[in-house]
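J.: Here is how the chains run, residue by residue.
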Amino acid sequence: MIADALRDGLAVWPVVIPLGAAALTVLLRHRPTLQRSAMEGAVGLTLAAAAVLVERAERGGPVVMEFGGWGAPFGISFVADLLGAVLCTAAGVVALAVAIFARADVRARRRQAGFDPLFLGMLAAVNGAFLTGDIFNLYVWFELMLVTALGLVTLDRRRVQIDGALRYAAMSMMGATFMLVGIGLIYGETGTLDMAHLSAALVGRAPSVTLTASAYLLLAGLALKAGMFPLFFWLPASYHTAPSGVAAALAGLLTKAAFGACLRILLLVFGLGSGATPVPGLPPLLALLAAATMLVSVLAAIAQVDIRRVLAFHVMGQVAYLVMGLALASAFGSAAAVFYTVHTMLVQTGLFLGAGAIARAGRVYDLRVLGGIMHEHPFFSALFAVLALSISGIPPLSGFWAKALVIDAALRVGTPWSGWLAAIALLTGFLTLYSMSTVWTRAFWRPRPGGERTVRRIPPAMVAAVGLMAACTLSLGLGIEPAVRLSRGAERQLTSNRPPIHAGPAVGLARRTP
Amino acid sequence: MSILLAFVAAALFGAGLYMTLSRHVVRMVLGLSMLTTAVNLVLFQAGRIRSAEPPLIPEGAERLGNSADPVPQALVLTAIVIGFALTVILVALALRAWGSHRTLSTDKMRSAQALGDPLTPEPHDDR
Chain A
1 MIADALRDGL
11 AVWPVVIPLG
21 AAALTVLLRH
31 RPTLQRSAME
41 GAVGLTLAAA
51 AVLVERAERG
61 GPVVMEFGGW
71 GAPFGISFVA
81 DLLGAVLCTA
91 AGVVALAVAI
101 FARADVRARR
111 RQAGFDPLFL
121 GMLAAVNGAF
131 LTGDIFNLYV
141 WFELMLVTAL
151 GLVTLDRRRV
161 QIDGALRYAA
171 MSMMGATFML
181 VGIGLIYGET
191 GTLDMAHLSA
201 ALVGRAPSVT
211 LTASAYLLLA
221 GLALKAGMFP
231 LFFWLPASYH
241 TAPSGVAAAL
251 AGLLTKAAFG
261 ACLRILLLVF
271 GLGSGATPVP
281 GLPPLLALLA
291 AATMLVSVLA
301 AIAQVDIRRV
311 LAFHVMGQVA
321 YLVMGLALAS
331 AFGSAAAVFY
341 TVHTMLVQTG
351 LFLGAGAIAR
361 AGRVYDLRVL
371 GGIMHEHPFF
381 SALFAVLALS
391 ISGIPPLSGF
401 WAKALVIDAA
411 LRVGTPWSGW
421 LAAIALLTGF
431 LTLYSMSTVW
441 TRAFWRPRPG
451 GERTVRRIPP
461 AMVAAVGLMA
471 ACTLSLGLGI
481 EPAVRLSRGA
491 ERQLTSNRPP
501 IHAGPAVGLA
511 RRTP
Chain B
1 MSILLAFVAA
11 ALFGAGLYMT
21 LSRHVVRMVL
31 GLSMLTTAVN
41 LVLFQAGRIR
51 SAEPPLIPEG
61 AERLGNSADP
71 VPQALVLTAI
81 VIGFALTVIL
91 VALALRAWGS
101 HRTLSTDKMR
111 SAQALGDPLT
121 PEPHDDR
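These protein sequence lines map, in sequence, to chains A and B.
Quick note: the first sequence uses my numbering, first residue 1, plus one each step.
Quick note: the second sequence uses my numbering, first residue 1, plus one each step.
Derived from the structure by calculation, the hints contain no laboratory data.
Careful, some of the hints might be misleading.
Sample of chain B residues at the chain A side, in silico, Cβ under 8 Å [to be verified]:
no.: 1; residue: I57
no.: 2; residue: L86
no.: 3; residue: L93
no.: 4; residue: Q113
As the structure is a prediction and not an experimental result, all values here were calculated from the model.
Backbone N, C-alpha and C fix where the C-beta goes; we use that ideal spot for every residue, glycine too.
Full structure from sequences and hints, please.
T.: This is how it looks when you write it as structure tokens:
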């Protein structure tokens, strides 16, 4: 019977495990060692549950769980399709790396300040946003994400963190407001909140003012949270104030959760690219946003001297590639965006963790005074170089394939603006390479300016966390074929399962007997 | 009734946005809570303002009769709770900001901006 319940509720395990463990770690707050073990165990279990979901979703279609056995238009359901499952798995790997890094980075004071429950709560919220099938539920997960992220940013209670968190909170609340108005309008028009039902009700419908307003408001809210031009200024104003492990988790999870929701809402609910979308004009707008975000953020990154700020601008530059894939409104473009999302979650986290390790070795994040780390830590320098090359798109790493797939999709579309978009993407890749090689040569290659301060030891846990991410990007690049097959499958499940509302068998914990 | 509520929501949105754009944190917080109230009004109207009859579908019928849709009311309830919690967190942050910066003007609160600013001539030691 327990085995049955485990199997039927599979779609909620990536949310239930971290949420339960978050409560447990609050209870264990006076036993730091036990608390840490509980957190690490929960992260491992979450990753395992997500991996099982991928296997199930690939074999048998979306795994659906209806809470209380209430069918979709009345109850809330979790729909773990391939997209949600794959993104959950990537989130699990990111969380694993952060948990390893935290062994060296999160000391007693940060643990006392509630690192473990907040981190697990954020993981649960991110997984919830990836898996939920209900659009209002999606909003709730985003609010939970915001609350936990604010707690994590202000973990040390320092002045800069309070300042950064205040800016972050105000802008994110604004974004949530936009989203909520969009959800209200769409409900008034259709009378349902379930995304599959919304899709069935909307795709093929004639354009209307309400639908257009709703789609653009949802896009504005999610674009703000994903860090798209022109609503991205909160991101470089707050991410660099967070503790390095936390900044890595934020960079790897939050903007990508917003983009994942964007994929689901635009492709599934509004049928972008299906030829029957009720909201005209989205692809050119998305293309404009992507191009502007790419250029502005990479140029801003080049101007920065603080590693965390450089990386914060690159977070947005990489999000722009995801938006570009979506803007193409083609099957290839969306599949490329899915692959790119997984790649960028892993690599951004690795780079931010690497920045934390650099600051541990060199005491500062400032590229004007860093230097000479390669002499002391050749292995760590190589690992960071792998990640830096991956984000710039050098083969055989996953970044190369991600960029190649997006640009290939743009050239296949063949409209004039998609050609321009491909050119801007190439230029941005080149500028990213310039920016990252500046970071690498300054921090690692050259001798330390001044020379009197020595380079300190880097804890093995930090090297292991960065190494895990470097290994991930390398193996994702070498095993490109299954990865592309998964992302194309995710795209197909998202767009082709529209009319039959749930392709998978409907299961519920409290299944009613017929 | 709907028209009146629409105008009230629009006025709240306008006032809330104006306040949110202010350079003072307390006004910003008040503006954001006004925005949440305005959103709640929009959600409320999504369920149509109808009679006070209970939302029960009669035997044999397919749709709700003359009563209002209860789902948006549940959404409003959820949104009120979430908005309230977030406002409290924002106020707590504002309080801490006053404690550490001795100002609530976002123009003068520049510590995050100064951290790692490329334009400062001296390298900033973070530790």
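J.: Okay, which hints does this one fail, numbers in order?
T.: 1
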